[in-house]
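Given next are the chains, with one letter for each unit.
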Amino acid sequence: MGIRMTYIYSLFQYIPFIAEGVLWTASLVLGGLGIGFIIGLPLAIAQSFGGKKLGKVLNAYVWFFRGTPLLVLLSLFYWAIFPSFGFKLDPLKTSILVLGMRSGAYQSQIFKDSIKSVDYGQILAAKAIGMTQRKLILYIVLPQALRISIPAWSNEYAVILKDSAICFALGVMEILTRVRYVSTATGLALIPYLFAGILFFVLTFSGTGIMDFIHKRTRIPGMVEGLR
Amino acid sequence: MEFWSEYLSSLLMGFLTTSELVAISAPLGIILGIALGASRVYGGIILGSFARGFSALFRGFPLIVTLFLVFFGLPEIGIYLPPVTSAILSFSLCSGAYISEYVRGAIMSIDQGQSLAAKAIGMTKLQEVLYIILPQAIRRAIYGISNEIVYMIQYSSLAFAIGVQEMYSVARTYNSLYFKSLEIFSLLAVIYLVLTALTTLFFKGLIRKLEIPSKAE
Amino acid sequence: MIVLRAEDVWKRYDDTIVLRGVSLNLKKGETKVIMGPSGAGKTTFLKCLNLLVKPDKGRIWIDGEEITSPKADITRLRQKIGFVFQELNLFHHLTAIGNVMIGLTKVKGMSKSDALKKAKETLKRVHIEEELWRKYPAQLSGGQKQRVAIARALAMDPIVMLYDEPTSALDPGLSSEVLLVIKELSERGITSLIVTHEMGFAYEVADEIVVMNRGRIIGGGSPEELRNAKNDEVRNLLNKWNGLKDGVLV
Numbered sequence: 001m002g003i004r005m006t007y008i009y010s011l012f013q014y015i016p017f018i019a020e021g022v023l024w025t026a027s028l029v030l031g032g033l034g035i036g037f038i039i040g041l042p043l044a045i046a047q048s049f050g051g052k053k054l055g056k057v058l059n060a061y062v063w064f065f066r067g068t069p070l071l072v073l074l075s076l077f078y079w080a081i082f083p084s085f086g087f088k089l090d091p092l093k094t095s096i097l098v099l100g101m102r103s104g105a106y107q108s109q110i111f112k113d114s115i116k117s118v119d120y121g122q123i124l125a126a127k128a129i130g131m132t133q134r135k136l137i138l139y140i141v142l143p144q145a146l147r148i149s150i151p152a153w154s155n156e157y158a159v160i161l162k163d164s165a166i167c168f169a170l171g172v173m174e175i176l177t178r179v180r181y182v183s184t185a186t187g188l189a190l191i192p193y194l195f196a197g198i199l200f201f202v203l204t205f206s207g208t209g210i211m212d213f214i215h216k217r218t219r220i221p222g223m224v225e226g227l228r
Numbered sequence: 229m230e231f232w233s234e235y236l237s238s239l240l241m242g243f244l245t246t247s248e249l250v251a252i253s254a255p256l257g258i259i260l261g262i263a264l265g266a267s268r269v270y271g272g273i274i275l276g277s278f279a280r281g282f283s284a285l286f287r288g289f290p291l292i293v294t295l296f297l298v299f300f301g302l303p304e305i306g307i308y309l310p311p312v313t314s315a316i317l318s319f320s321l322c323s324g325a326y327i328s329e330y331v332r333g334a335i336m337s338i339d340q341g342q343s344l345a346a347k348a349i350g351m352t353k354l355q356e357v358l359y360i361i362l363p364q365a366i367r368r369a370i371y372g373i374s375n376e377i378v379y380m381i382q383y384s385s386l387a388f389a390i391g392v393q394e395m396y397s398v399a400r401t402y403n404s405l406y407f408k409s410l411e412i413f414s415l416l417a418v419i420y421l422v423l424t425a426l427t428t429l430f431f432k433g434l435i436r437k438l439e440i441p442s443k444a445e
Numbered sequence: 446m447i448v449l450r451a452e453d454v455w456k457r458y459d460d461t462i463v464l465r466g467v468s469l470n471l472k473k474g475e476t477k478v479i480m481g482p483s484g485a486g487k488t489t490f491l492k493c494l495n496l497l498v499k500p501d502k503g504r505i506w507i508d509g510e511e512i513t514s515p516k517a518d519i520t521r522l523r524q525k526i527g528f529v530f531q532e533l534n535l536f537h538h539l540t541a542i543g544n545v546m547i548g549l550t551k552v553k554g555m556s557k558s559d560a561l562k563k564a565k566e567t568l569k570r571v572h573i574e575e576e577l578w579r580k581y582p583a584q585l586s587g588g589q590k591q592r593v594a595i596a597r598a599l600a601m602d603p604i605v606m607l608y609d610e611p612t613s614a615l616d617p618g619l620s621s622e623v624l625l626v627i628k629e630l631s632e633r634g635i636t637s638l639i640v641t642h643e644m645g646f647a648y649e650v651a652d653e654i655v656v657m658n659r660g661r662i663i664g665g666g667s668p669e670e671l672r673n674a675k676n677d678e679v680r681n682l683l684n685k686w687n688g689l690k691d692g693v694l695v
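Which chain is which? The protein sequence lines are A, B and C, in order. The numbering used here puts the first residue of the first sequence at 1, with every later residue one more than the last. The numbering used here puts the first residue of the second sequence at 229, with every later residue one more than the last. The numbering used here puts the first residue of the third sequence at 446, with every later residue one more than the last.
Simulated from the structure, these hints should not be mistaken for laboratory data. Keep in mind that a hint or two might mislead.
As the list claims (entries may be wrong) - Estimated spans, in silico, between C-beta atoms of each pair:
#	chain 1	residue 1	chain 2	residue 2	range
1	C	668	B	353	36 to 44 Å
2	B	243	C	562	17 to 25 Å
3	C	458	B	280	24 to 32 Å
4	B	435	C	586	25 to 33 Å
5	B	313	C	569	51 to 59 Å
6	C	460	B	367	36 to 44 Å
7	C	569	A	220	52 to 60 Å
8	B	281	C	614	48 to 56 Å
9	C	460	B	435	45 to 53 Å
Claimed, not checked - Once the Cα atoms are required to be at most 20 Å apart in a straight line, the calculated EDC-like pairs of lysine to aspartate or glutamate come out as:
#	chain 1	residue 1	chain 2	residue 2
10	C	580	B	234
11	C	563	C	576
12	C	551	C	602
13	C	472	C	452
14	B	443	C	532
15	C	492	B	339
16	C	492	C	459
17	B	443	C	574
18	B	443	C	602
19	B	443	C	576
20	C	492	C	508
21	B	353	C	616
22	B	443	C	616
Even glycine gets a Cβ: it sits at the ideal position worked out from N, Cα and C.
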């Protein structure tokens with residue numbers, strides 16, 4: 001088989017190296033989710049309450065960022081778009097921005113759906129007590145919509161986490177890049193990549209687990225959720 | 229310009245490879261997904277748990293990791309698969325895992341009465357699942373399945389990492405040879421966008437064709 | 446000749462005993478009606494007969510074969526029983542004629558052309574005309590759906606038809622077309638066991654009415670006998686119902 005036990009033991013020395021990658025992966029994921037939220041929520045509000053023309057432009061944004069593969073987006077921005085604007089070419093920052101813009105497109109759809117699913121009667125009641133559009137959105141619709149979004153948002157987290165691995169293509173020193181390095185250095189592949197897979201697996205399920213917990217904790221007493 | 233004719237013809241070759249990848253992986257993934265989904269609902273403890281674990285595994289592993297595992301890892305236990313085969317296997321496993329979730333959800337959403345009625349006319353469990361449950365479940369799952377296929381088209385670009393000469397690898401090669409990054413990747417983006425749009429259209433049509441007519445006519 | 450026999454059937458769900466030793470016989474050509482308040486166990490009993498519900502105790506024979514025996518070939522025996530559900534349960538993805546044919550082709554193994562012929566005949570027997578044959582359940586009215594469901598069961602040539610509150614889930618105006626079909630079939634000699642709230646219909650169609658309450662058969666008799674009921678419990682129940690029609694005080 002060719003796998004000598006000494007090689008396997010030598011793998012252990014790389015664990016800190018790979019563990020450091022978790023920090024980079026975390027910045028990709030949190031940065032991407034954060035930027036995605038900052039883009040996605042206003043986008044969703046605009047699509048739900050804004051005019052038709054604005055809606056069309058925003059739809060184009062969503063369509064572009066959802067229809068283009070992440071690899072292509074990363075390459076496009078890293079080698080073409082950012083340079084032509086004179087931006088810094090740092091792979092990490094580029095990746096976070098691209099992940100963020102893409103997540104923004106996906107999150108906008110999540111929030112759009114959950115805004116839509118807030119009972120229209122709530123809006124009517126808010127108007128009836130004299131609330132402006134702005135107040136109504138802020139105090140009545142959003143709190144409910146945000147809570148409804150948690151399951152779908154938790155799914156978005158899982159997706160971004162896995163997508164972050166694709167940033168190896170730009171050389172970002174996240175988990176997968178480091179595991180590749182280890183694989184090349186030791187000549188082993190099965191164990192390192194299995195380790196990577198399990199690491200992502202664990203990170204995925206702990207993240208979604210936390211969000212499930214938050215979802216349950218922020219339950220509105222007495223309300224029956226729509227079927228998922 | 230020489231660049232364009234070369235690039236376009238290379239892209240075309242890449243496109244054929246991409247199509248080959250998707251054309252084979254999609255049906256495989258769908259069949260796997262249906263089998264896994266049905267197993268999770270109807271399988272006993274052993275089959276059901278296996279299907280559940282299998283699905284969780286390939287949803288929890290990023291596709292790129294699965295690709296590397298299959299192409300670089302399997303040889304260590306004696307299984308040598310060429311790049312295209314590795315890619316097809318990985319894509320099928322991954323999409324199969326996701327589709328099994330949709331199928332499982334769809335099966336569980338079918339009301340008990342259908343099953344009772346099937347039993348009442350003397351159908352075995354297998355007949356019931358095959359002729360009554362699955363035809364209805366697949367109709368319900370098809371929206372999710374179509375999403376997965378669209379994702380597959382996009383993620384097929386990852387195959388470049390194990391040496392498959394699909395579209396992205398072509399673009400990447402040309403990017404290192406010419407200073408035309410904007411043109412190279414913009415065109416690539418457009419091609420994927422068009423592919424996505426066409427596939428979505430195709431599935432919309434399929435969904436409409438499969439729809440069971442209701443009273444609103 | 447006894448076509449269906451149930452002996453001392455018991456069934457409990459968690460803490461509740463739904464059936465307490467119910468026994469019943471059905472002779473060939475007979476039509477019996479089971480009546481009783483909600484929760485009396487009527488539906489559960491009916492579903493035990495073709496083992497859609499598994500009784501905890503008791504034995505059931507279909508055409509002389511014991512369906513409750515561990516060695517019983519349940520799917521084969523179920524073909525001899527025609528079951529009509531309260532909730533209709535037509536197969537959503539098949540047309541009316543498709544619903545009737547599927548048992549014939551997939552369970553009985555008939556050729557498509559034979560099945561088609563038989564399905565058409567059966568649909569005509571329940572007064573479903575040709576223009577409805579290619580319609581999907583979602584396009585049919587409640588009464589039409591239930592009649593198709595009857596055809597689906599009837600096409601299998603069962604030796605007994607079981608009807609579980611066939612009109613309870615239908616809008617009031619649509620019941621009569623269904624009851625008419627059931628009555629016709631009964632008059633043509635189809636052995637029938639019907640659970641229903643429709644008292645007038647019961648008196649018309651039944652050779653014997655069986656009254657159930659709280660999991661037990663508390664009485665019964667021919668329609669005439671029941672009109673002059675001696676048993677107090679039975680009389681009280683019937684009197685309570687006589688004041689009601691379709692659950693509404695008249």
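Verification of the supplied hints:
1. Taken as a hint, the range 36 to 44 Å holds for the pair residue 668/C and residue 353/B, whose Cβ atoms sit roughly 41 Å apart.
2. In this structure, residue 243/B and residue 562/C break the distance hint of 17 to 25 Å, their C-beta atoms being roughly 52 Å apart.
3. For the hinted restraint 24 to 32 Å between residue 458/C and residue 280/B, the CB-CB distance of approximately 29 Å keeps it satisfied.
4. Our hint of 25 to 33 Å for residue 435/B and residue 586/C holds, since their Cβ atoms are close to 27 Å apart.
5. Between residue 313/B and residue 569/C the beta carbons are some 57 Å apart, a value that agrees with the proposed interval 51 to 59 Å.
6. Range check, residue 460/C to residue 367/B: Cβ separation about 40 Å, and the 36 to 44 Å hint holds.
7. A C-beta distance of roughly 56 Å is found between residue 569/C and residue 220/A, which places it inside the suggested range of 52 to 60 Å.
8. The beta-carbon spacing between residue 281/B and residue 614/C, approximately 41 Å, falls outside the hinted interval of 48 to 56 Å.
9. In this structure, residue 460/C and residue 435/B meet the distance hint of 45 to 53 Å, their C-beta atoms being roughly 46 Å apart.
10. Taken as a hint, the residue 580/C and residue 234/B pair is broken in the structure, with Cα atoms around 56 Å apart against an allowance of 20 Å.
11. Distance check on the hinted pair: residue 563/C and residue 576/C sit about 17 Å apart at the alpha-carbon level, within 20 Å; holds.
12. For the suggested pair residue 551/C and residue 602/C, the alpha carbons sit about 15 Å apart, so the restraint of at most 20 Å is met.
13. Between the alpha carbons of residue 472/C and residue 452/C the distance comes to roughly 15 Å, so the proposed pair stays at or under 20 Å and holds.
14. At roughly 18 Å between alpha-carbon atoms, residue 443/B and residue 532/C fall within 20 Å of each other, so this suggested pair holds.
15. With a C-alpha separation of about 17 Å, the suggested pair residue 492/C and residue 339/B falls inside the 20 Å cut-off, and the hint holds.
16. Between the alpha carbons of residue 492/C and residue 459/C the distance comes to roughly 18 Å, so the proposed pair stays at or under 20 Å and holds.
17. At most 20 Å may separate the alpha-carbon atoms for a hinted pair to count; residue 443/B and residue 574/C meet this at roughly 18 Å.
18. Restraint check for residue 443/B and residue 602/C: the C-alpha separation of about 31 Å exceeds 20 Å, so the hint is violated.
19. Taken as a hint, the residue 443/B and residue 576/C pair is honoured in the structure, with Cα atoms around 15 Å apart against an allowance of 20 Å.
20. A hinted pair counts as satisfied when its Cα atoms are at most 20 Å apart, and residue 492/C with residue 508/C qualifies at roughly 17 Å.
21. Between residue 353/B and residue 616/C the CA atoms are separated by roughly 33 Å; this puts the pair beyond 20 Å, and the hint is violated.
22. Of the pairs offered as hints, the one joining residue 443/B and residue 616/C holds, with about 16 Å between alpha carbons and a cut-off of 20 Å not exceeded.
The structure fails hints 2, 8, 10, 18, 21 (numbered hints given earlier, in ascending order).
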